[in-house]
Amino acid sequence: MRNQWNKPRALVLVTGLYVLWSLIPVAIAVQFSFNDGRSRSTWQGFSTQWYVGEPADAASVLYDPSLRSALSQSLILAILTMLVATPVGVALAVGLARWKGRGAKPSNFLMLFPLVTPEIVMGVALFLVFDNLYDFVPFGTWAQFLGHVTFSISFVVIIVRGRLFAIGRDYEEAAMDLGASPWEAMRRVLLPLLAPALLASFAIVFALSIDDFVISQFLVGSAESVTIPVRLYSGARLAPPPSLNALATVLMVITIGAIVVAGLAYKYLGKRFGGGDDSALETVGRFEI
Amino acid sequence: MPTNLASGADYDTVGQKRWVWPGFALPGVVWLSLLFLVPFYAIFAIAMGRIDPLLSRPVPEWNPFYWDATVFARVLADLFGGQLGTVALRTVAYVFVASALCLLIGYPVAYFVSRKAGRWRWLWLMLILAPFWINYLMRMMSWVNLLSPDGQVNQFLSIFGVTAVPDWLAGHHFVVILGLVYGYIPFFILPLFAALDRIDDATLEAARDLGASNSQTFWRVTWPLSRNGVLGGLVIIMLPMFGDYYTPNLLSGSPRTRMIGNTIDQFINQTTSQGAVGAALTIVLMIFVAGLMLYYLFSINRATAESRR
Numbered sequence: 001m002r003n004q005w006n007k008p009r010a011l012v013l014v015t016g017l018y019v020l021w022s023l024i025p026v027a028i029a030v031q032f033s034f035n036d037g038r039s040r041s042t043w044q045g046f047s048t049q050w051y052v053g054e055p056a057d058a059a060s061v062l063y064d065p066s067l068r069s070a071l072s073q074s075l076i077l078a079i080l081t082m083l084v085a086t087p088v089g090v091a092l093a094v095g096l097a098r099w100k101g102r103g104a105k106p107s108n109f110l111m112l113f114p115l116v117t118p119e120i121v122m123g124v125a126l127f128l129v130f131d132n133l134y135d136f137v138p139f140g141t142w143a144q145f146l147g148h149v150t151f152s153i154s155f156v157v158i159i160v161r162g163r164l165f166a167i168g169r170d171y172e173e174a175a176m177d178l179g180a181s182p183w184e185a186m187r188r189v190l191l192p193l194l195a196p197a198l199l200a201s202f203a204i205v206f207a208l209s210i211d212d213f214v215i216s217q218f219l220v221g222s223a224e225s226v227t228i229p230v231r232l233y234s235g236a237r238l239a240p241p242p243s244l245n246a247l248a249t250v251l252m253v254i255t256i257g258a259i260v261v262a263g264l265a266y267k268y269l270g271k272r273f274g275g276g277d278d279s280a281l282e283t284v285g286r287f288e289i
Numbered sequence: 001m002p003t004n005l006a007s008g009a010d011y012d013t014v015g016q017k018r019w020v021w022p023g024f025a026l027p028g029v030v031w032l033s034l035l036f037l038v039p040f041y042a043i044f045a046i047a048m049g050r051i052d053p054l055l056s057r058p059v060p061e062w063n064p065f066y067w068d069a070t071v072f073a074r075v076l077a078d079l080f081g082g083q084l085g086t087v088a089l090r091t092v093a094y095v096f097v098a099s100a101l102c103l104l105i106g107y108p109v110a111y112f113v114s115r116k117a118g119r120w121r122w123l124w125l126m127l128i129l130a131p132f133w134i135n136y137l138m139r140m141m142s143w144v145n146l147l148s149p150d151g152q153v154n155q156f157l158s159i160f161g162v163t164a165v166p167d168w169l170a171g172h173h174f175v176v177i178l179g180l181v182y183g184y185i186p187f188f189i190l191p192l193f194a195a196l197d198r199i200d201d202a203t204l205e206a207a208r209d210l211g212a213s214n215s216q217t218f219w220r221v222t223w224p225l226s227r228n229g230v231l232g233g234l235v236i237i238m239l240p241m242f243g244d245y246y247t248p249n250l251l252s253g254s255p256r257t258r259m260i261g262n263t264i265d266q267f268i269n270q271t272t273s274q275g276a277v278g279a280a281l282t283i284v285l286m287i288f289v290a291g292l293m294l295y296y297l298f299s300i301n302r303a304t305a306e307s308r309r
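Taken in order, these protein sequences are the chains called F and Z.
Going by my numbering, the first sequence opens with residue 1, and the numbers climb by one from there.
Going by my numbering, the second sequence opens with residue 1, and the numbers climb by one from there.
Please keep in mind that the hints were generated in silico from the structure rather than gathered at the bench.
It cannot be assumed that every hint is accurate.
Below are the SDA-like pairs computed for lysine to any residue, each with C-alpha atoms no more than 20 Å apart in a straight line [to be verified]:
no. : chain 1 : residue 1 : chain 2 : residue 2
1   : F       : 267       : F       : 184
2   : Z       : 17        : F       : 184
3   : F       : 100       : Z       : 197
4   : Z       : 17        : F       : 267
5   : Z       : 17        : F       : 188
6   : F       : 267       : Z       : 116
7   : Z       : 116       : Z       : 220
8   : Z       : 116       : Z       : 100
9   : Z       : 17        : Z       : 126
10  : F       : 100       : Z       : 17
11  : F       : 267       : Z       : 130
12  : F       : 105       : Z       : 123
13  : Z       : 116       : Z       : 17
14  : F       : 267       : Z       : 123
15  : F       : 105       : Z       : 304
16  : Z       : 17        : F       : 199
17  : Z       : 116       : F       : 9
18  : Z       : 17        : F       : 183
19  : Z       : 17        : Z       : 130
These numbers come from a predicted model, not from an experiment.
Just need the whole structure built from these sequences, with the hints factored in.
Structure below.
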């Protein structure tokens, strides 16, 4: 056994400094979203005017048309993406895990490819295809929605697949020995067992979509389709008022909410049904860029 | 409706008809074919297509037998000896320096949190995971604010009487590189943390029992066992770094710090009618990162195959 009393002081110092360096800039940005004044570097007292202030006093997130539309666009896109990508991804995961035919291997690689493709490449590809081939899809919400679903499907497959392998086929076979039809066994045994992975997928797709910048920017149409990250990008260098910090803070709170839901779903539902594995966090961390 | 006959040749072990599983996969496969494969092919069709002489906009050529490599050849010529060559070299330099810094800073952090953090491990883990929940653009915006002329960095420096400061956001290599490190290091730390976390304590104890010193245990046991985590982490951060355009745009915006991603962004997003050049540049970028992509592809494939029982 190594000497437990020999504290690794240098490691604590490096890690502590790293954590401070990685979080203080963001903490300052959040702090100044509550500034009682236009400055983003001189503290003038606490106020929520940049969040909910009347338009006469401040262009707040609630009243400024461009900030408000960015918030609603991001939410709409994330909800639409979540509702479509999750079922398609879950079905693909189940299909790929059990399909042994000739097309299974290529389909598996087709599913993995979006995960390893740099976002800018996917952005260019989608932009060009909507511009030249699928020109019946208008840039803006529709194109962004199709793009977001495309990059989300593979994440769902990865999350659900881990759980599928952990469950195995024994439970379904047992249900059928007891007289259930194959479809009944799926609906009443497999689906409840997959519930934690399903809920986690919903939340993670929501978070992926609402945090996305590159695809949203390449497929942006008119001003109404600008999302929060795109708005942050276009406004950051133009000496913006603290309302931009407020918008970013709102996004952060929404993302944290989604991730907390995902984590809780995975942990508690996973426990209830047995076999919940802790690698979900790692899976998401690995692929979320 | 199939009946409960799990033995017939048309059924698999859970009694489903053979076509059921491909049927489940079908919507996803069709979706990815139409919205991933076809768009991917469109990059080539546009890069090797023609330019409409009247509208002066690119026309895709879907048949590879009629591909015209004029634009692509022009981009390649620029890559070997033109402006683009400088940009590509700069991109490679930025990515390598930033990745090396990520390794240098990230390894001790991941090592500490996974193996030495003790009782407060969960708290440290939360802290190193926190950047994941914060949008990349928000994190960059925070730095834009700190580094602006009246920002907190200059306020801090003026406490020590340092007032002769440059405009940090006017195109400095080190500012962009620090931005890249700041942006991507959490994505390096997490897979490395997982790899270090998996190392069995018994292995390290065995090394100690056999008389290895602390540093010998680290260099001859821990480090080799974490090498896959290091490689995985590096690939994960290098792929998006090669295609980054927003970090240099936000933290400098000067042509002095232009990366390949910036030229692609410029030809696709900012100018119309230059789609063919943008597409050709995207192919060049993919040639740069093809090795990384393949490594990553096969490592995910292996990881999922291993989790199968």
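So, going through the hints one by one against the coordinates:
Distance check on the hinted pair: residue 267 of chain F and residue 184 of chain F sit about 26 Å apart at the alpha-carbon level, beyond 20 Å; violated. The hinted pair formed by residue 17 of chain Z and residue 184 of chain F meets the criterion: a straight-line CA distance of about 14 Å does not exceed 20 Å. The hinted pair formed by residue 100 of chain F and residue 197 of chain Z fails the criterion: a straight-line CA distance of about 34 Å is larger than 20 Å. With a CA separation close to 34 Å, the supplied pair residue 17 of chain Z and residue 267 of chain F exceeds the 20 Å bound.
Proximity of residue 17 of chain Z to residue 188 of chain F is assessed by CA-CA distance (about 18 Å); at most 20 Å being required, the pair is judged to hold. Taken as a hint, the residue 267 of chain F and residue 116 of chain Z pair is broken in the structure, with Cα atoms around 25 Å apart against an allowance of 20 Å. In summary, the hint linking residue 116 of chain Z to residue 220 of chain Z is supported, as the alpha carbons are separated by about 18 Å, within the 20 Å threshold. Between residue 116 of chain Z and residue 100 of chain Z the CA atoms are separated by roughly 23 Å; this puts the pair beyond 20 Å, and the hint is violated.
Taking the CA atoms of residue 17 of chain Z and residue 126 of chain Z, the gap is about 46 Å. The hint is violated against a cut of 20 Å. Note on residue 100 of chain F and residue 17 of chain Z: the hinted pairing holds, with a Cα-Cα distance of about 12 Å set against a maximum of 20 Å. Taken as a hint, the residue 267 of chain F and residue 130 of chain Z pair is honoured in the structure, with Cα atoms around 19 Å apart against an allowance of 20 Å. As the CA atoms of residue 105 of chain F and residue 123 of chain Z are separated by approximately 41 Å, the hinted pair breaks the 20 Å bound.
Note on residue 116 of chain Z and residue 17 of chain Z: the hinted pairing is violated, with a Cα-Cα distance of about 52 Å set against a maximum of 20 Å. Straight-line distance between C-alpha atoms of residue 267 of chain F and residue 123 of chain Z comes to about 18 Å, which keeps the hinted pair within the 20 Å bound. A C-alpha spacing of about 13 Å is found between residue 105 of chain F and residue 304 of chain Z, which places the hinted pair at or below 20 Å, so the restraint holds. About 28 Å separates the Cα atoms of residue 17 of chain Z and residue 199 of chain F, which puts this hinted pair outside 20 Å; it is violated.
In summary, the hint linking residue 116 of chain Z to residue 9 of chain F is supported, as the alpha carbons are separated by about 10 Å, within the 20 Å threshold. For the proposed pair residue 17 of chain Z and residue 183 of chain F, the alpha carbon gap of about 11 Å is at most 20 Å, so the pair holds. The hinted pair formed by residue 17 of chain Z and residue 130 of chain Z fails the criterion: a straight-line CA distance of about 46 Å is larger than 20 Å.
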